[in-house]
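Student: Each chain is listed here by its residues.
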Amino acid sequence: MTIADDISVSRADRPERRVSTLPAKTILLGLLTSIIVVFCVLPFLLVLAISFGRKVDGAAWVWDFTFDNYQRFFVGVLWPDEVTFLYLQQLGFSFYFAVIASLLAVLTALPFTLQLTRLKRTSQAMWLVFIMASLSLSEVFIVMGWDILLSNNSGLPKLFKETGLTQWLKDVGWFQHLRDWGLANPRNVKFKTSDFATILTMSYLVWPYAVILLYPALSRLDPSLSEAARTMGASRWTVTRTVTLPSIRLPLFGTTLLLFVFLLGTYVSITVFAAPNKHTTAVAIYSNIRGANLNAPFGATQAIMLLISASACLYLGHVFNRRSEVR
Amino acid sequence: MRIFGAFYMGLSALLLALPIVVVCAAALNSGRSMFFPPQDPTLARFGEFFVSEPVWTNALWNSIIVAVGAATLAVLMAWPIAYLLWSTGSKLSKTLAGLGSLPFAVPPIVFGVGLGFFWAFTGGLGALWAGVISHAILLMALPLVTISIGLQSIDRSHLDAAATMGATEQVAFKTVVLPQTVPYTISGFFFVLVLSFNEFIVIFFVSASSYATVTLQIFNSLRNGYTPTMAVAAITFLAVSVLVFSAIARWGDLPRLMGADQSRK
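Those sequence lines, one after another, are chains A and B.
Just so you know, the numbering used here puts 15 at position 15 of the first sequence, and the rest follows in order with no gaps.
Plus 1000 on top of the position in the second sequence (first one is 1) and you've got the numbering used here.
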């Protein structure tokens, strides 16, 4: 029995009211539908349409229906004489950074969230305020903070030098390893630009999201299950491995996937912390649409490819979820 | 084990706070450049940010206009959709809710690009009102979720009782539905407000460099090096977030909004 049934029954006595409210409802529905279609769907369709457009040298671009942009994305503009995978490689870096950063965030957020759900309700709320505040903090502020912490003239490298840690690293011979990993120049450690700094910042960016997404599932965990296992003599680690982890496998996977998709489009962290030869599709999209290259159709093509990759991952995740639910 | 857990939480909190603390401390610098720890601490930068530097005061005003406008619009759009979804559960309402959440679900840069094209064709590119609408659409998913949670918490028997006693749909709506969902509506409003304040990439594409919000202004200044005034912006934004979420936790039910189990206290 839904509320709508109730209301139509009570209205049956007053048919004249019904006539006066129906058009208003229809108008509202029509208005809502058109707003949603125009603002939520049309922009994506525009990107799709423009991705088939053509850039005109010395001018902007024109509508067209050509697959040149897609060909350029996969094998380069000079194909078949010359093949370049530059743009696929950029998409590869998008994946590379997003996968590692999302995994790191979820794995470190999991023990934290488990602890959080075991606290009292009031302290949970206090922690959530803290988490939400850092979650909503803009990417530009976060990048700014890590930039100060990691840049060569202030922050960690300076701290390393002043405390003699750099000298100690040189003495024990580990400094050479850091140089091999691109985390040091001949004089001191350096974190800008490096994969380490990029992944750290991206992971930091989504860490609060990881907590918030894991929180509902973990707070529904039935403590009596693990208590029962404990009573039967299972060690704490065994309980975690055989009871807790299997029951949260799906939310863990789902959270990682969502964070990964979110991170695919990261822009600020990459421009500041990643080495130029490791710049991602998101950076390329910007430089084509608003930046130096000014090739809107090709930027749109890259945006579509990013969107397709993201949707494909979400879809595969969905299929995977279904399968493991059936099992 | 208990100690280890507390230790891990503390460590996480420390790491989470580290860049924020560094930025906040940098705001106290008196000179033009960032030092940590701050040299010759002063509060003069706060004056610059809020009062004397037009670049920052304009950016702050733009941020406020966009955030408040977007939050209002988003709630106004999300309410009827959430209500339809709850009261009828029709296919149309499900589709509307799904499509309405779409912009929030895809990588934001793609939606930013799409809106950039959209406003270029409709003449809104670079206009502040277009920024307001863009953020409202992007973040509509949040009030949609909070209002839906609020509507689900209404005991259907209250509505049955109201109907039995002869209340029309409008009266029942005003006396039963609305009062019980007000906290959730306000929470949704503030979620949008805070996220819009801090959003960067979409407003980056739709502003077309013709106006700057605080986040845009900070990104523009990234290339010229940091100034302590930027850190004041960070502190202000952080303070707003903490205030807003504390208020939601105080008057709303933050754990419930975040999906905590209701049966355990």
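None of these hints come from the bench; they were simulated from the model.
For glycine and all other residues, C-beta sits at the position ideal for the given N, C-alpha and C.
Please note that the accuracy of each hint is not assured.
[As the list claims (entries may be wrong)] Derived pair list, reagent style BS3-like, types lysine-lysine, alpha-carbon separation capped at 25 Å:
| no. | chain 1 | residue 1 | chain 2 | residue 2 |
| --- | --- | --- | --- | --- |
| 1 | A | Lys25 | A | Lys55 |
| 2 | A | Lys158 | A | Lys120 |
| 3 | A | Lys120 | A | Lys190 |
| 4 | A | Lys25 | B | Lys1094 |
| 5 | B | Lys1091 | A | Lys170 |
| 6 | A | Lys170 | A | Lys158 |
| 7 | B | Lys1174 | A | Lys25 |
| 8 | A | Lys120 | A | Lys161 |
[Claimed, not checked] A few chain A residues that face chain B, going by a derived Cβ cut-off under 10 Å, partial list only:
| no. | residue |
| --- | --- |
| 9 | Val140 |
| 10 | Val172 |
| 11 | Ala282 |
| 12 | Ala300 |
[Said to hold, decoys possible] Chain A residues, not near chain B, derived (Cβ > 12 Å throughout):
| no. | residue |
| --- | --- |
| 13 | Leu119 |
| 14 | Ser134 |
| 15 | Asp147 |
| 16 | Ile285 |
| 17 | Ala310 |
| 18 | Arg322 |
Student: So, for every hint listed, does it hold in this structure?
Tutor: Structure-based check of each hint:
1. At roughly 46 Å between alpha-carbon atoms, Lys25/A and Lys55/A are farther apart than 25 Å, so this suggested pair is violated.
2. Distance hint between Lys158/A and Lys120/A is unfulfilled; the C-alpha atoms sit about 41 Å from each other, more than 25 Å.
3. As the CA atoms of Lys120/A and Lys190/A are separated by approximately 42 Å, the hinted pair breaks the 25 Å bound.
4. Pair hint Lys25/A plus Lys1094/B holds up; C-alpha atoms about 17 Å apart against a cutoff of 25 Å.
5. Taken as a hint, the Lys1091/B and Lys170/A pair is broken in the structure, with Cα atoms around 67 Å apart against an allowance of 25 Å.
6. A C-alpha spacing of about 15 Å is found between Lys170/A and Lys158/A, which places the hinted pair at or below 25 Å, so the restraint holds.
7. Only pairs whose Cα atoms come within 25 Å are accepted, and Lys1174/B paired with Lys25/A is accepted, the gap being roughly 17 Å.
8. Only pairs whose Cα atoms come within 25 Å are accepted, and Lys120/A paired with Lys161/A is rejected, the gap being roughly 44 Å.
9. Look at Val140/A: its Cβ gets to within about 5 Å of chain B, closer than 10 Å, so that hint holds up.
10. Because the closest C-beta pair between Val172/A and chain B is about 26 Å apart, greater than 10 Å, the hint is violated.
11. A hinted interface residue such as Ala282/A counts as satisfied when its beta carbon comes closer than 10 Å to some beta carbon of chain B; here the least separation is about 5 Å, so the hint holds.
12. The criterion of a C-beta within 10 Å of any C-beta in chain B is met by Ala300/A, whose closest approach is roughly 7 Å, and the hint holds.
13. With a minimum CB-CB distance of about 9 Å to chain B, Leu119/A fails to clear the 12 Å threshold, and the non-interface call is violated.
14. Against chain B, the non-interface label of Ser134/A is violated: not every CB pair exceeds 12 Å, the least being about 5 Å.
15. A beta-carbon of chain B is positioned within 12 Å of the beta-carbon of Asp147/A; the least distance is around 8 Å.
16. Some Cβ of chain B comes within 12 Å of the Cβ of Ile285/A; the nearest lies about 6 Å off, and the non-interface call is violated.
17. Listed as outside the interface, Ala310/A is inconsistent with that label: its C-beta sits roughly 6 Å from the nearest C-beta of chain B, within the 12 Å cut-off.
18. The Cβ of Arg322/A sits about 18 Å from the closest Cβ of chain B, beyond the 12 Å cut-off, so the non-interface label holds.
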